[in-house]
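Enquirer: Here are the chains, one letter per residue:
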Amino acid sequence: MAELFLFEKQTQQNLKKDRMAAKPATTSTTYSPIDPIHKTRPPIFSNSDVDWLRPDSRSFHQCRPAFFRTGAVNSAAGSAYAEFGNTKVIVSVFGPRESKKAMMYSDIGRLNCNVSYTTFATPVRGQGSDHKEFSSMLHKALEGAIILETFPKTTVDVFALVLESGGSDLPVVISCASVALADAGIMMYDLVASVSVSCLGKNLLIDPVSEEESSQDGSLMIACMPSRYEVTQLTVTGEWSTPNFNEAMQLCLDASAKLGKIMRSCLKEAASDVQE
Amino acid sequence: MEYVSPEGLRLDGRRPTEMRQLRAEIGAVAKADGSAVFEMGNTKVIAAVYGPREVQNWSQQMSDQALVRCEYSMANFSTGDRMRKPKGDRRSTEISLVIRQTMEACILTHLLPRSQIDIFVQVLQADGGTRSACINAATLALADAGIPMRDLVTSCSSGCLNRTPLLDLNYVEDSAGGPDVTVGILPTLDKVTLLQMDAKLPTDAFEDVMQLAIEGCKAIANYIKEVLQENTKQLECRRGL
Amino acid sequence: MVGLSEGEKEFIKGGISQDLRADGRKRYTYRPIYIETGVIPQANGSARVRLGSTDVIASVKAELGKPSPMQPDKGKVAIFVDCSPTAEPIFEGRGGEELSAELSGALQHCLLGAKSGSGPGIDLSSLVVVEGKICWDLYVDGLVISSDGNLLDALGAAIKAALSNTGIPRVHVAVNAADEQPEVDISDEEFLQFDTSGVPVIVTLTKVGKHYIVDATSEEESQMSSAVSISVNRRGHICGMIKRGGQGLDPSVILDMTSVANFVSRQLIEKLDSEIAAAEADEDES
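Residue numbers (the UniProt record's numbering), protein chains in the order written: chain A, 1 to 276; chain B, 1 to 241; chain C, 1 to 286.
Hints are supplied without guarantee of correctness; some may be wrong.
Stated by the list, open to error - Below, in silico cross-link-like pairs of lysine-lysine (DSS-like), each with a Cα-Cα straight-line distance of 30 Å or less:
| no. | chain 1 | residue 1 | chain 2 | residue 2 |
| --- | --- | --- | --- | --- |
| 1 | C | K271 | C | K13 |
| 2 | C | K76 | B | K31 |
| 3 | C | K66 | B | K31 |
| 4 | C | K271 | B | K31 |
| 5 | C | K26 | C | K13 |
As the list claims (entries may be wrong) - To give a feel for the contact side, a few chain B residues facing chain C, derived at Cβ under 10 Å:
| no. | residue |
| --- | --- |
| 6 | K31 |
| 7 | N76 |
| 8 | A126 |
| 9 | G240 |
Said to hold, decoys possible - Simulated DEER-style distance windows between Cβ atoms:
| no. | chain 1 | residue 1 | chain 2 | residue 2 | range |
| --- | --- | --- | --- | --- | --- |
| 10 | C | G14 | A | M187 | 27 to 33 Å |
| 11 | A | M187 | C | S252 | 25 to 31 Å |
| 12 | C | S286 | B | T79 | 22 to 28 Å |
| 13 | C | S17 | B | R114 | 40 to 46 Å |
| 14 | C | F263 | A | I108 | 32 to 38 Å |
| 15 | C | G14 | A | K268 | 41 to 47 Å |
| 16 | C | G95 | A | A271 | 39 to 45 Å |
Hints listed in this document are in silico derivations from the structure and should not be mistaken for laboratory results.
Glycine included, C-beta positions come from ideal geometry on N, C-alpha and C.
Based on the provided sequences and hints, a complete structural model is requested.
Expert: Dropping the structure here:
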């Protein structure tokens, strides 16, 4: 265990170094779903809580800086590392490989997803929350985007590892997994970008961190294919009135369109690196 | 503890040789080929039969007889204290095996070669005698599915507490630690197909206890026959015969 | 497993596009719902719901437990679903676990609300006996006995009925030193009823072809491209949503679905209320 830990720490550090080096080259990695020009529109939280700051001093509708990098795991067919603030995940994709013999014949490919937490992902050791559900959610979010017909009789494995849980884990895992799938050369209709919104009192907070998630009154997560403008997965908890719900959904869709651009630029960068 | 009062009454007010209220209903699961609910007092089980159908696992196929499979499962809410056991614990596996062997002995498996019959029993409420109730429910479900059988199988348990033979033990009597004899018979052929006992019992007392259980089985057999006949009459009616 | 021929598939799709389904229903019509309460005497509350040939049982058991240190003023509710192999032979052994986990997760999403505990469903603060020390833990167990599509809506309805059937024993707390674990005395006679008017109903809209339908049978479900389960409460607020099935949906379709769900839910809530009341009256009589 100790060795593994060290190894992971090193890769993380290496990646961090890479990022430092890469940072000046890319344009701003911070993105905001709302155009700065239209900032004059009335805020939705009118009365109280206006001057309340988020733990990482972002504004309510501002996402954390997003960072993607492909090729984090050498042995995998494709892999990606994503870092959104404190949330750090690695997703590796294996396959397509032959489906297990016990499985029935299928003229479309299978997708097998697994989300796991490292023991040190959470402040209290070994308390990675309900990731059993995450695996099936990841599966549902991705299956609509992958062209399964292109690899019949075979299985693609997607293994996601949450190195550090810093809130909005599932959306980060979904976005990162779609970059990893693209890196593995799996045919997809589009990338899947995922963003969540938390509702605290009257305020909508995009891309919540752990502290915000633990005290949220409601949450909405959308995984969508930005270019096709289609939603592949959508989960809502808590009580939402229809206008509130519409607003949150629009917010998520706008943010995921922007996130999709960042993911695309990361892939383009990786491709141009190879060409050089 | 006193399980039989001086007046000769048991904890739930029954006489020593009295059985609990029986209730049976055929066709509880619409999609199954045969199904039945069987209640003995507070014990309530559902059985569903799928088959005869193609053998799912090719390597298990037998060219001269049918494959009979059985799974026994308990609902989380079936016991007094809520249990959260993983499926397939040892007790369920054992009971699945007992039910499978008992039912296999009465199904004319040689008439259905290269096919598979699945029996699923689900305990909704457990109050002693689930084994017997499951076998009775499975018999009804098999009959409802129209699977050829040598005879009906019926089962009943009996025990001996305070030196009195008792018929059809409930949960409290079952967990008293006394002997518990579960008997399964083929009523028309008058043969015993299942006999299980735990704890110890003198040989001469055993005969009485076993005789009592057999009487119980016969009473259940009569009830099951009535239910089946009633069901057949209704089917006739629906067909307009 | 549903095995359908090409002709049957076309028939189902064609029927849905013409607003006349295989069993004569319209797109937004439910099958007849039958509710029976108090089916499991050992539980604090239970109900059996039949929706066509879909048959589910829900039971509620209350146990005394300790509130979590994060939320000392709230009780706990857990929902588990089990798929009996009687419903579908493929549920044998571990075969039903995947679906069970999916249904449990979806029900938790749709009925329990967000992490802070506010929101729809059960008022968790009513489950507290002594703040920070003792609370009621509600265990909600669902069991699928027979499945013919639309399990989630049926389970949602069964849980709603089981909760309104639930009686929580009144608890007397012996007053003693503040730092000790207080002694409690559970009454056998006095029971408290739940207010279940806030518990939402779940409406699953299954998209087949261009249209979507409510209360799909398993044949219809086999033809779906995607399905969205929306839980709606009496006030018409959305209390949870989860999507199944592969294909992506246009956001405008989702918004349209929510308004349809809102409309359908009003009828469903009314229907459930009257059925639950009738079932309770039946139970009292017998």
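Enquirer: Checking each numbered hint in turn, tell me which of them this model violates, lowest number first.
Expert: 2, 3 and 9
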